[in-house]
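Novice: Chain by chain, the residues:
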Amino acid sequence: MRYWMIVVLSLCGTTQAVAQDELTTASLWGDYSLNNRATLYLASAETVDTGHATITTTKVESPVYEERYFTANKVHQYLGIGSILAAGATVLAPKPAVDPVTNEAESSTHETLAKTATALGIGAVITGLLFHWDDFNLSDGVKDPDNLHVMLTTAGTLGYLAAISAAPDSGHAGLGGVGAIAMAIGIKMNW
Amino acid sequence: MKRATPLLTLAAILMVGVVSTGQAAESGFFSYFSLERKKEVMAINDATYNKECGACHFAYQPGLLPEGSWRKLMDAQALSDHFGENAELDEQTRSHILTLLVANSADKSNRKRSKKIMGSLNGATPLRITEVAYIKNRHEEIPAKLITQPKVKSLSQCNKCHMKADSGSFDDDTVVIPEHGTW
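Line by line, the protein sequences give chains X and D.
At position 71 of the first sequence the residue is numbered 71 (my numbering), and the sequence of numbers has no breaks.
So the mapping is simple: my numbering equals the position in the second sequence, first residue as 1, plus 191.
Just so you know, the hints here were simulated from the structure itself, not pulled from any lab data.
Incomplete in silico selection of chain X near chain D, CB under 7 Å:
no., residue
1, Tyr65
2, Thr71
3, Asn73
4, Asp140
5, Asp144
6, Pro145
7, Asn190
8, Trp191
Cβ atoms here follow ideal geometry from the backbone N, Cα and C, with glycine treated the same way.
If we strip away everything but chain D, and leave its shape as in the complex, we get (with noise of 0.2 Å):
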């Protein structure tokens, strides 16, 4: 059992090493030993993105959904029809905004939650964070009336249920459902 030892610590070592390097990809390998939680997905606070997204609908943070995602919305034209709404932005917070949501798309990010959603798109790039199979998948055992009830209305509305979902908190310990209570 003594010869066992040396190559069960070298297992060791080797395990941490593998599985360290797929965690630090992002942002270096020494970062993967730092206490910051990465279970949620990267909360952003960008002065325009909150006036300019934020001001209509729920900020979504840009690790909800792959690169390819928020270049199609993004895109100028794409703008002018946003679900039905004319979202039409100059061209220097467009591409403000552009370069923000890329740069922090889930498909960059070593968020868990980010690379759940990753996981489960298969290469598509949906327009809807409410079309990731993650995200449906997640949702789908709430039933229809605590989701389509004035107080939530869709599921598009993650504010309305995920009680942290400005700091990027998804957590099912942080949902609230309005006539409902926890989950």
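One chain only, chain X, in its complex shape (with noise of 0.2 Å):
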């Protein structure tokens, strides 16, 4: 039951990365369609003035556009998203008890949201290295905004996977809050 719940969590924020991209679509494809109209203008056989030059053109067909909701950049982004939304959530969770003697936690809600920010933060970085491998190179120096992201959001993974090694130590909080911290601007940059 509790790994469906996780299920439904991650579907819960690739939804709305979705309605966020819908709506972005939304208003760029308006701009499009308007910018389409003028080139189509331009494009008819007709002859056009523009104060300086005179061009014929000839009417041109443009591909068919549609946007595509599942693609390798955008499982990329779903993971790394839901990865923060996982690392979100398991803030919010309740910590599970610690026995004082084995030093031991009850599995819990937290740990599993853990777990899965842990398992979508490898799986962007995976989907990262896969599909973006020709966007990063360390000859570009530290600032190409590529590399920030790849160095970030890759230490954001490794703070994921040292929180849930140290758990339940106190200090493991600070591990998975650096992690989530890395991880976020990772994305911003790349946003």
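Since each chain comes alone in its own frame, lean on the hints to assemble the complex.
Specialist: Below is the structure:
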């Protein structure tokens, strides 16, 4: 049951990201369709006087374009955003009681969410390496936006892993927090 | 481990500060926290620019070239031979367009794509966007026949394949190459 809740939570995050995309796309489509009308006008078989040159144009068919919501880039994006959302939910979830003798915590939603955030973060890192391998190159320097994105999000995922390894010690919250912040900044840089 | 938490928190705050300052140099610290997407090139919508430049070719966003390139291109004498065409403008119009291009040029932009362009130039000020190393690298895998086909003709025709080029978006997901499809 708990795992189903995680799946639903992850999907909620994905749906939100899709909804944002749709909103952005709607405005962009508005702009695009307006510009497209202008282009079609200029591409019609007419003579256009531009003030300094006279151009005779021919009709050109534009390829049909539809926004795609399931692409390699988008999967990478959804995993990264899902990881941040799961990390946020981990902070909000009630912490389990720790046995003072064995120093072990009971299985809890907090732990499951933390592992989900880590799994999504690892997924984001792997898809980033697979789909964007040609976007980053250390020879471009550490100020390169893609290099910073790679370093911060990888550090974020390592922060998650370190937090899980250190749990239930009290210090694990700091590791997870730093990981989440690094992940959030890394994503924002390429947003 | 308890002692490490304040140090880690401090490190996190410093990290936010350092990265944010670098990112928000153009438009203030707090703009970094806005949800506005800054991945793509900044779109401009200037009626004069669209009319005078966009009438003959795609109205390239200023963030695709550095200031030095735009100054060379918009030089009054250079416009009389603008890649083989006479593109002379009256002084007021030329000045208006040059100001627009310089104010939004790649070296002044905090957009990721513009930063990538600047990072690849090493101080060069090319006259053609297709001569920018970053742009060339991004297109090197595309077979020449797809570029030279009649429906595209050359890499300079950005909007033939980049379906959201008008809004400054050159993302792979928005590419539809004529006679080929998505990339």
